[in-house]
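Enquirer: With the hints as constraints, model all of the structure from the sequences given.
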Amino acid sequence: MSFWSGQQYQSPGGFDPQLPRTLFLLLLSVASARGVTQNPKDCVAFQSEKGSSISCHPPAELPSSLPADTFHLVLELFNLTQLPPDILKGASKLQELHLSSNRLESLAAEFLLPAPQLRVLDLTRNALTRLPPGLFQASAALETVVLKENQLEVLEASWLHGLKALGFLDLSGNRLRKLPAGLLANFTLLRTLDLGGNQLETLPPDLLRGPLRLQRLHLEGNRLQVLGKELLEPQPDLRYLFLNDNKLAKVAAGAFRGLRQLDMLDLSNNSLASVPEGLWAPLAQPGRDMQDGFDISGNPWICDQKLNDLYRWLEATKDKMFSQNATRCAGPEAVKGQTLLAVAGSQ
Amino acid sequence: MGDAEAGKKIFIQKCAQSHTVEKGGKHKTGPNLWGLFGQSPGFSYTDANKNKGIIWGEETLMEYLENPKKYIPGTKMVFAGLKKKSEREDLIQYLKWATS
Numbered sequence: 001m002s003f004w005s006g007q008q009y010q011s012p013g014g015f016d017p018q019l020p021r022t023l024f025l026l027l028l029s030v031a032s033a034r035g036v037t038q039n040p041k042d043c044v045a046f047q048s049e050k051g052s053s054i055s056c057h058p059p060a061e062l063p064s065s066l067p068a069d070t071f072h073l074v075l076e077l078f079n080l081t082q083l084p085p086d087i088l089k090g091a092s093k094l095q096e097l098h099l100s101s102n103r104l105e106s107l108a109a110e111f112l113l114p115a116p117q118l119r120v121l122d123l124t125r126n127a128l129t130r131l132p133p134g135l136f137q138a139s140a141a142l143e144t145v146v147l148k149e150n151q152l153e154v155l156e157a158s159w160l161h162g163l164k165a166l167g168f169l170d171l172s173g174n175r176l177r178k179l180p181a182g183l184l185a186n187f188t189l190l191r192t193l194d195l196g197g198n199q200l201e202t203l204p205p206d207l208l209r210g211p212l213r214l215q216r217l218h219l220e221g222n223r224l225q226v227l228g229k230e231l232l233e234p235q236p237d238l239r240y241l242f243l244n245d246n247k248l249a250k251v252a253a254g255a256f257r258g259l260r261q262l263d264m265l266d267l268s269n270n271s272l273a274s275v276p277e278g279l280w281a282p283l284a285q286p287g288r289d290m291q292d293g294f295d296i297s298g299n300p301w302i303c304d305q306k307l308n309d310l311y312r313w314l315e316a317t318k319d320k321m322f323s324q325n326a327t328r329c330a331g332p333e334a335v336k337g338q339t340l341l342a343v344a345g346s347q
Numbered sequence: 001m002g003d004a005e006a007g008k009k010i011f012i013q014k015c016a017q018s019h020t021v022e023k024g025g026k027h028k029t030g031p032n033l034w035g036l037f038g039q040s041p042g043f044s045y046t047d048a049n050k051n052k053g054i055i056w057g058e059e060t061l062m063e064y065l066e067n068p069k070k071y072i073p074g075t076k077m078v079f080a081g082l083k084k085k086s087e088r089e090d091l092i093q094y095l096k097w098a099t100s
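Line by line, the protein sequences give chains E and L.
Note that the numbering used here has the first sequence beginning at 1, numbered continuously upward.
Note that the numbering used here has the second sequence beginning at 1, numbered continuously upward.
To be clear, the hints were calculated from the coordinates, so they are not data collected in a lab.
If you're wondering where the values come from, they're calculated on a predicted model, not measured in any experiment.
Among the clues, some could well be false.
In silico lysine-lysine, DSBU-like type, Cα no more than 35 Å apart, as pairs [as the list claims (entries may be wrong)]:
| # | chain 1 | residue 1 | chain 2 | residue 2 |
| --- | --- | --- | --- | --- |
| 1 | L | K84 | E | K178 |
| 2 | E | K250 | L | K83 |
| 3 | E | K178 | E | K250 |
| 4 | L | K85 | E | K41 |
| 5 | L | K84 | E | K229 |
| 6 | L | K83 | E | K336 |
| 7 | L | K83 | E | K164 |
| 8 | L | K96 | E | K318 |
| 9 | L | K70 | L | K96 |
| 10 | L | K23 | E | K318 |
| 11 | L | K96 | E | K89 |
| 12 | L | K83 | L | K96 |
| 13 | E | K318 | L | K85 |
| 14 | L | K70 | E | K50 |
| 15 | E | K320 | L | K84 |
| 16 | E | K247 | L | K70 |
| 17 | L | K85 | E | K320 |
| 18 | E | K250 | L | K85 |
| 19 | L | K83 | E | K41 |
| 20 | E | K178 | L | K23 |
| 21 | L | K28 | E | K178 |
| 22 | E | K178 | E | K164 |
| 23 | E | K247 | L | K28 |
| 24 | L | K96 | E | K320 |
| 25 | E | K247 | L | K96 |
| 26 | E | K250 | E | K318 |
| 27 | L | K85 | E | K336 |
| 28 | E | K178 | L | K70 |
| 29 | E | K229 | E | K306 |
| 30 | L | K23 | E | K247 |
| 31 | L | K28 | E | K164 |
| 32 | L | K70 | E | K93 |
| 33 | L | K26 | L | K85 |
| 34 | E | K247 | L | K83 |
| 35 | E | K247 | L | K84 |
| 36 | L | K85 | E | K93 |
| 37 | L | K84 | E | K318 |
| 38 | L | K83 | E | K320 |
Expert: This is the structure in structure tokens:
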């Protein structure tokens, strides 16, 4: 491969303290003037004590080989439907691989085998419809997997086999309509699951069952109609729950039972006209506020006696309420258009 | 003019995983954002960012947040960007308030 001819030597924390700042900036401006020292057809390379960091974008070409100490690799914005299957050959120290905004349609099953120390894999904005079995068989160190904005219509639990250290899984912006049973059954360390922006109408009730201890769950922008009482039960450590922009019309009475760590709950832009009594009791207890807040705006609330429990809760927690002016009654006629807070205050 | 309250929600949803905003806030996978706006010699982001010499303001952030990877090729951020202009405006209003 060809390197940028003015290689930068940088300590991870900032500038090399031996090099006066002005001199460094002078070198930078000389080096980055196009056509003087930098060949735009070259990938950009940085060297530090961690190893080589390689960054390639068009018009640079894909590297034909990688330095053995490559720990960070960026290959983005190429018009590629496939990667050369041995693209990572020799990069045994690779920790981060950023492959977003290519047009990848498929991945070779062996392509991650040369990189067993990989911690981060970013495949945002490609055209993947499936993952090959065995893709992650050597990926026991992989903590962050991002498949955001691909074209996954289905997901098979077997595709994720091998991800023992998975902590962050982003499947947002795909076309998932349903999820398989046992999808998360083997993930002990999963803390963030992002399923936002898919087409999920239902969820397997045991979706969140397993050794995982979720802190963040993103389900916004799907087509969920019902939130059952079993879904969240296995995840008492949940801190952030995004259910906004679904079609929720029904939330079961015990849906939030046990969520004593919840800091953020977004139920905005759903179809909630009413919710059962006792729903809110587990959240925001005396001595423990929701740190960030909640949002129930953009729902067609029917502000009758059935919401008395909600009114009481709102009075106690209103300083944590987002979008107060957008949280209004759709009925009954007498209070139509009023804010829930106004109605709650008048009780 | 963006809505800082809406921006706060966006921040919680899309950014708080990796960033804090308050003075002295901890670095997570991304840096603390205190002092983001204007000249901030102590503020650095990634190797790629440092060399682009960016001074963050409303306009630079509007462009950056739409597609961070395109604006700063090589950025380590996994965040894919905010397509909606109104969301970026809201977020920037919040950041203006929260990081200074």
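Enquirer: All the hints need checking, so say for each whether the structure fits it.
Expert: Verification of the supplied hints:
{"no.": "1", "hint": "L/K84 with E/K178", "in the structure": "holds, 27 Å"}
{"no.": "2", "hint": "E/K250 with L/K83", "in the structure": "holds, 30 Å"}
{"no.": "3", "hint": "E/K178 with E/K250", "in the structure": "holds, 19 Å"}
{"no.": "4", "hint": "L/K85 with E/K41", "in the structure": "holds, 33 Å"}
{"no.": "5", "hint": "L/K84 with E/K229", "in the structure": "holds, 34 Å"}
{"no.": "6", "hint": "L/K83 with E/K336", "in the structure": "holds, 34 Å"}
{"no.": "7", "hint": "L/K83 with E/K164", "in the structure": "holds, 33 Å"}
{"no.": "8", "hint": "L/K96 with E/K318", "in the structure": "holds, 24 Å"}
{"no.": "9", "hint": "L/K70 with L/K96", "in the structure": "holds, 23 Å"}
{"no.": "10", "hint": "L/K23 with E/K318", "in the structure": "holds, 26 Å"}
{"no.": "11", "hint": "L/K96 with E/K89", "in the structure": "violated, 45 Å"}
{"no.": "12", "hint": "L/K83 with L/K96", "in the structure": "holds, 20 Å"}
{"no.": "13", "hint": "E/K318 with L/K85", "in the structure": "holds, 29 Å"}
{"no.": "14", "hint": "L/K70 with E/K50", "in the structure": "holds, 25 Å"}
{"no.": "15", "hint": "E/K320 with L/K84", "in the structure": "holds, 25 Å"}
{"no.": "16", "hint": "E/K247 with L/K70", "in the structure": "holds, 34 Å"}
{"no.": "17", "hint": "L/K85 with E/K320", "in the structure": "holds, 26 Å"}
{"no.": "18", "hint": "E/K250 with L/K85", "in the structure": "holds, 32 Å"}
{"no.": "19", "hint": "L/K83 with E/K41", "in the structure": "holds, 30 Å"}
{"no.": "20", "hint": "E/K178 with L/K23", "in the structure": "violated, 43 Å"}
{"no.": "21", "hint": "L/K28 with E/K178", "in the structure": "holds, 33 Å"}
{"no.": "22", "hint": "E/K178 with E/K164", "in the structure": "holds, 23 Å"}
{"no.": "23", "hint": "E/K247 with L/K28", "in the structure": "holds, 34 Å"}
{"no.": "24", "hint": "L/K96 with E/K320", "in the structure": "holds, 21 Å"}
{"no.": "25", "hint": "E/K247 with L/K96", "in the structure": "holds, 33 Å"}
{"no.": "26", "hint": "E/K250 with E/K318", "in the structure": "holds, 23 Å"}
{"no.": "27", "hint": "L/K85 with E/K336", "in the structure": "holds, 31 Å"}
{"no.": "28", "hint": "E/K178 with L/K70", "in the structure": "holds, 32 Å"}
{"no.": "29", "hint": "E/K229 with E/K306", "in the structure": "holds, 19 Å"}
{"no.": "30", "hint": "L/K23 with E/K247", "in the structure": "violated, 39 Å"}
{"no.": "31", "hint": "L/K28 with E/K164", "in the structure": "holds, 22 Å"}
{"no.": "32", "hint": "L/K70 with E/K93", "in the structure": "holds, 26 Å"}
{"no.": "33", "hint": "L/K26 with L/K85", "in the structure": "holds, 29 Å"}
{"no.": "34", "hint": "E/K247 with L/K83", "in the structure": "holds, 23 Å"}
{"no.": "35", "hint": "E/K247 with L/K84", "in the structure": "holds, 21 Å"}
{"no.": "36", "hint": "L/K85 with E/K93", "in the structure": "violated, 39 Å"}
{"no.": "37", "hint": "L/K84 with E/K318", "in the structure": "holds, 28 Å"}
{"no.": "38", "hint": "L/K83 with E/K320", "in the structure": "holds, 27 Å"}
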